[in-house]
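Enquirer: So the sequence lines, in the order shown, correspond to chains F and R. Heads up: take any position in the first sequence, counting from 1, add 52, and you land on this note's numbering. Heads up: take any position in the second sequence, counting from 1, add 52, and you land on this note's numbering.
Each hint should be verified, as a subset may be incorrect.
Because identical chains cannot be distinguished in the list, a pair is counted as satisfied if it fits within a single copy or across any two copies.
Straight-line Cα separation of at most 25 Å, DSS-like style, residue types lysine-lysine; simulated pairs [stated by the list, open to error]:
#1 Lys216 / Lys80
#2 Lys275 / Lys173
#3 Lys80 / Lys106
#4 Lys275 / Lys216
#5 Lys342 / Lys90
#6 Lys93 / Lys131
#7 Lys80 / Lys334
#8 Lys296 / Lys334
#9 Lys173 / Lys105
#10 Lys342 / Lys57
FYI, nobody ran anything at the bench for these hints, they're computed from the structure.
Number of protein chains: 2
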Amino acid sequence: MDAVKVFAPASVANVAVGYDILGFALDKPGDDIILRKKGDKPLHISSIHGKGKKLPREIHSNTAGFAAYKVLEALGEEKMPLQMELHKNMAFGTGLGSSAASAVAGAMAVNELLGRPFEKKDLLPFAVAGEEIADGAWHADNVAPSLLGGMVLIRDNNTLDFKKIHVPNGLYVSVIYPNVEVLTSDSRAVVSDFVSLEQLIKQTGNMGGFIAGMFTSDFELIKRSLQDHVIEPQRKHLIPYYEKLKEIALSEQALGFNISGAGPTMFALCSNNLIAENICEKASAFLADKKLESDVFVSGINLEGAIRY
Amino acid sequence: MDAVKVFAPASVANVAVGYDILGFALDKPGDDIILRKKGDKPLHISSIHGKGKKLPREIHSNTAGFAAYKVLEALGEEKMPLQMELHKNMAFGTGLGSSAASAVAGAMAVNELLGRPFEKKDLLPFAVAGEEIADGAWHADNVAPSLLGGMVLIRDNNTLDFKKIHVPNGLYVSVIYPNVEVLTSDSRAVVSDFVSLEQLIKQTGNMGGFIAGMFTSDFELIKRSLQDHVIEPQRKHLIPYYEKLKEIALSEQALGFNISGAGPTMFALCSNNLIAENICEKASAFLADKKLESDVFVSGINLEGAIRY
Chain F
53 MDAVKVFAPA SVANVAVGYD ILGFALDKPG DDIILRKKGD KPLHISSIHG KGKKLPREIH
113 SNTAGFAAYK VLEALGEEKM PLQMELHKNM AFGTGLGSSA ASAVAGAMAV NELLGRPFEK
173 KDLLPFAVAG EEIADGAWHA DNVAPSLLGG MVLIRDNNTL DFKKIHVPNG LYVSVIYPNV
233 EVLTSDSRAV VSDFVSLEQL IKQTGNMGGF IAGMFTSDFE LIKRSLQDHV IEPQRKHLIP
293 YYEKLKEIAL SEQALGFNIS GAGPTMFALC SNNLIAENIC EKASAFLADK KLESDVFVSG
353 INLEGAIRY
Chain R
53 MDAVKVFAPA SVANVAVGYD ILGFALDKPG DDIILRKKGD KPLHISSIHG KGKKLPREIH
113 SNTAGFAAYK VLEALGEEKM PLQMELHKNM AFGTGLGSSA ASAVAGAMAV NELLGRPFEK
173 KDLLPFAVAG EEIADGAWHA DNVAPSLLGG MVLIRDNNTL DFKKIHVPNG LYVSVIYPNV
233 EVLTSDSRAV VSDFVSLEQL IKQTGNMGGF IAGMFTSDFE LIKRSLQDHV IEPQRKHLIP
293 YYEKLKEIAL SEQALGFNIS GAGPTMFALC SNNLIAENIC EKASAFLADK KLESDVFVSG
353 INLEGAIRY
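Same shape as in the complex, but just chain F (with noise of 0.2 Å):
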């Protein structure tokens, strides 16, 4: 085989309880890459199309690139000629996890265009330390759901500790992007060091429902867990209108609304589409009153991950 493509879907992460540990994936959208064995010079990419422009080319420098070369090396086929090309159709700074999906991306070409030497969820380290580059950090909740779609409980970061959390049907989600910039480092700087051993009691009894109720169907049990007493709190005033967001969203009996990672992105959790269609329109039709551009659309949780294609 001398050429593959595949597709890295964006996610969402920090879920209301679950802040650095807990992310889904989406159906759309995400990014291509398609790989070529060609040429004689080793990996590079060759051209980055779409909403990537400004990203670097040099492949220790690049996500999409670090994460393939981590796999090349692993193998001990560094050498071997390969050109990228890198399709980006999602911006960065969004909070979808948009470094996280060409980091997997990269990973899964390289793995793909070699004949799957690797089990995909053994993928996970190499794509991770794609999108370390990027982010500065070492943690997987947007990388893993990418990679291996559906919900994704990161239990420990450090050692990529993950487990995939049953999806119960009919799980939609309402995504609302205002066009605004949202530095992921005012995001984090915001966040206190330290938290009351309430707020601990809370989010644990929290993200233990959330799960439970996850793995049970029972939505009234999300609902009542997708509360986060801790980070919303601190990091909502950075997102323009976001407690009215909010209220539109829970007066359409969304199950949960909070930020999407560091944000701008907001997320409505919703146990049928209709209404995550509703949430939609409303929070469109609001945005578009108050002359703020956004992209807003319904999703449903794409229990695929990245794929070839």
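With chain F held as given, fit chain R onto it using these hints.
Expert: Chain R in isolation, oriented as in the chain F frame:
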């Protein structure tokens, strides 16, 4: 019907990752109550047997009496002539939910004698009100498992929002009670009102992992998740030989080891009863060697909770 006899079991609360919110019921020990329609005196305690002879007999000061009274009050039957005989088979202050078992038995006895006007789960607030007398706090992490059996997550103590957690086949527990006194007040005083964000992330990750492991019978994940980064480090010095006993349990392949409730009882969760028995044998020999009296026993997870028999 003129008399009923009920049993409510001991329980383990503060299960490692679930401080204040996670508990499970034991097969034994537990409290028995005999309740009789008799004479013309409203609910009163006629006798207390076993390990509770110092307990107050006045209905509003006794956990079993008060829980029973709250059920009668809700039914408008406060004046019904009733005689309660309380058999306490477990000492107070062991960390095994002794007052919770009494409160549950009190509420159960009235409900059974009166022909089950309430569903069992609806007795929870009455029993919690009973336990509040002994404990001074409104929480259900001992009461709920003693009443309902199994492993119970209390997502929120204020609203008594609980969820039963799937218990994998084969789960057993070694219970180690060294006969020393640990005052609940001391045990509370050592716990800081603040934790670091890093501890919160670890504890929510482990809570999520534990619940996911229970629902999927994934013993390896349960084991990796049973790590308490918050309470154990602050409390373990209150219990003699804690570190050594934990070492014994883990070297025998316990899934996890922690303090039961506020101590001094310790428990080891195990993936089968042979492991649980080996741990008990070694812990018992160790404590005997140290000339420390102890009660050490194996229990299954009691899936039934309080019963009439």
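Enquirer: At most 25 Å between alpha carbons: which applies to Lys275 and Lys173, within, between, both or neither?
Expert: Between. Shortest inter-copy distance 21 Å satisfies the 25 Å Cα cut-off; intra-copy 30 Å does not.
Enquirer: Can you give me the call for Lys80 and Lys334, within, between, both or neither, at a CA distance of at most 25 Å?
Expert: Answer is within; shortest intra-copy Cα gap is 21 Å, inter-copy 56 Å.
Enquirer: Reference check for the pair Lys216 and Lys80, CA-CA at most 25 Å: within, between, both, or neither?
Expert: The answer is within: 20 Å in one copy meets 25 Å, while 35 Å across copies does not.
Enquirer: Given a CA cutoff of 25 Å, do Lys342 and Lys90 count as a within-copy pair, a between-copy pair, both, or neither?
Expert: The answer is neither: 50 Å in one copy and 73 Å across copies each exceed 25 Å.
Enquirer: When Cα atoms must be at most 25 Å apart, do Lys80 and Lys106 count as within-copy, between-copy, both, or neither?
Expert: Close inside one copy (22 Å), not across copies (67 Å); limit 25 Å.
Enquirer: Are the CA atoms of Lys296 and Lys334 at most 25 Å apart within a copy, between copies, both, or neither?
Expert: So Lys296 and Lys334 pass the 25 Å test inside one copy only (11 Å; across, 60 Å).
Enquirer: Can you give me the call for Lys173 and Lys105, within, between, both or neither, at a CA distance of at most 25 Å?
Expert: neither (30 Å within a copy, 60 Å between copies)
Enquirer: Up to 25 Å between alpha-carbons, please classify Lys275 paired with Lys216: within, between, both or neither.
Expert: For Lys275 and Lys216, both the intra-copy (20 Å) and inter-copy (17 Å) Cα distances are at most 25 Å.
Enquirer: When no copy is specified for Lys342 and Lys57, does a C-alpha distance of 25 Å or less occur within a copy, between copies, both, or neither?
Expert: neither (40 Å within a copy, 67 Å between copies)
Enquirer: My question is about Lys93 and Lys131: at a cut-off of 25 Å on alpha-carbon distance, are they close within one copy, between copies, both, or neither?
Expert: within (8 Å within a copy, 92 Å between copies)
In this structure, the hints that do not hold are numbers 5, 9 and 10, in rising order.
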